[in-house]
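**Student:** Model the full assembly from the supplied sequences, consistent with the hints where possible.
Taking mature numbering (1 follows the signal peptide of the UniProt record, and there is no 0), I'd label the letters of the sequence shown as residues -20 to -1, 1 to 452.
Each hint should be verified, as a subset may be incorrect.
Label pairs and their computed distance ranges (CB to CB) [to be verified]:
#, residue 1, residue 2, range
1, 313, 197, 45 to 53 Å
2, 55, 205, 48 to 56 Å
3, 227, 343, 43 to 51 Å
Think about it this way: if two alpha-carbon atoms lie no more than 25 Å apart in a straight line, the pair counts; the simulated PhoX-like pairs of lysine-lysine are [stated by the list, open to error]:
#, residue 1, residue 2
4, 417, 26
5, 68, 417
6, 237, 383
Honestly, the hints are just simulated from the structure, not real lab data. Even glycine gets a Cβ: it sits at the ideal position worked out from N, Cα and C.
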Amino acid sequence: MLFRGCLLILTAAAVDFSAGADSRWSSTVDQNSSDSYMIFPNYLYKNSFVSVTIFCNSKKGEHVRVRWVLEEITCMRDMYKTQTKVNKAIIDRKHQTGPSKSRKDDLESNDKGHASVITYQPSSQTYEFECGNNHVIILQDESDMPYFVSAFSADGDRRGYMEVHNQSVSESKRPMTHTVAQTWNDGMYHFLLSISSANESVSFVASVYVEMRGRWGYLPAIDWPRLPYSGVMSFLYLFVGTVWLFIWALSQQHTHKIHVVIGLVAVAGAIAHTLLFVDLSNTSRSGYPIAAVSWLSRGTAICQDSLLDALLMVVSLGYGITRPKLDYSFVGVVITLGCSHFVTGLTLEVFGDENLKIKYDHEVLYIGVKYANTAVTVVIGGWIMLASLLTFIHLWTRKHSTKLRVFSVFMGACVLGFVAYVGMALMVLIWSRACQKDWQHAWLMTSFGEMVNFVLLIMLMWLWRPADQAHR
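**Tutor:** See the structure below:
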């Protein structure tokens, strides 16, 4: 991906705008972890439902207490944070103490001060259930209950609150599962769940199943725009690949190795986006991604990036314009850089996966891989810039007007790509330092490079088409 190093350098310490969250979880809790609570983060549309099913095992006649809170998050950087004093106070039901109802103006003034305003819906009470031999615990449906807008200090003390009634949804639109809560806005949410023993001496083991589903299925709201986008990109890559194959078949006597690489980039793009579309479609229906399809899609996308980088390096040397063929030394360097980009990119993808959580357990190693990938990308970008400039100067001094016009278009695309990446990098850097609330457009961060890749591929197909090669 051209000049991606500019984006990576400026955002190496910034927030990762990677794809969002899961929508179905299974967890296990026992008496040793009952003092804490579980956090299930997700991006949800309005009127999405949270469902909970608990299977509890303990000695006959023992009881457990269950509490939950659905909390709306205001900043993307807080989506994967651990437990806080405010959340602990809410889940422990300390939010019921404190001042009486407040007006909206009072809460907004608290938000500008030292208090933080939090929107949440707690369970109406602390439920107590019998926990027997794989006993099924079904919580009461409180999706029609009001939610609260409250101001909390950093220590978890509530300074005021406002009660808001939630909009009810007709029974025909409700999921046929064990619903407990309903979202009130399009936004980022934490579902907090606490299970503790009624008696400290009681031992228990509980299996917890949590589902979050909206009007578009299980697919998180932050990933939903990627579903139609991947379908459109798959069709476009398939279309340009078919056209390229047709042009290639008509001009077989003028084809070169560069035309094979251009075709491979188009094929890799079609495969990557098709697999992504299949994976997102399955996640929307079932709530679970297909691991093999997901990783194959990521690997193919990285392979496409590496092929395109190698192609741009070769073109910047003037291959097909000033050089009928490349020296083996140049070919070796191009292959080495392309393979290095693929290996570091794939390793970075593995380390940055939210489910594997390697970047949290081995943070130093993750940062090292991130900077290694950045270094390779910077070298590739520097190669393209320097080689393009030298080729342009060579054509300018030799007065090759036709070849100069063709290569000027290529250099112009390089400059536009550079400006676009720098602009996107600055935007990401600004967003990462502030409270980023515009999660609806976060998918553009991950799709921006793919769009630039497609434009560059179209440009290369037009300039280096086989029919035109014979006239250079």
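**Student:** The structure should be examined with respect to each hint, and the outcome stated for every one.
**Tutor:** A quick look at each hint next to the structure:
Hint check: residue 313 to residue 197, Cβ distance near 47 Å, so the stated range 45 to 53 Å holds. Distance hint check: the CB atoms of residue 55 and residue 205 are about 20 Å apart, inconsistent with the given range 48 to 56 Å. A beta carbon spacing of about 49 Å between residue 227 and residue 343 agrees with the range 43 to 51 Å that was offered as a hint. Taking the CA atoms of residue 417 and residue 26, the gap is about 16 Å. The hint holds against a cut of 25 Å.
The straight-line distance between the Cα atoms of residue 68 and residue 417 is roughly 23 Å, inside the 25 Å bound, and the hint therefore holds. Taking the CA atoms of residue 237 and residue 383, the gap is near 19 Å; set against the 25 Å cutoff, the hint holds.
Checked against the numbered hints given earlier, the structure breaks only hint 2 and satisfies all the rest.
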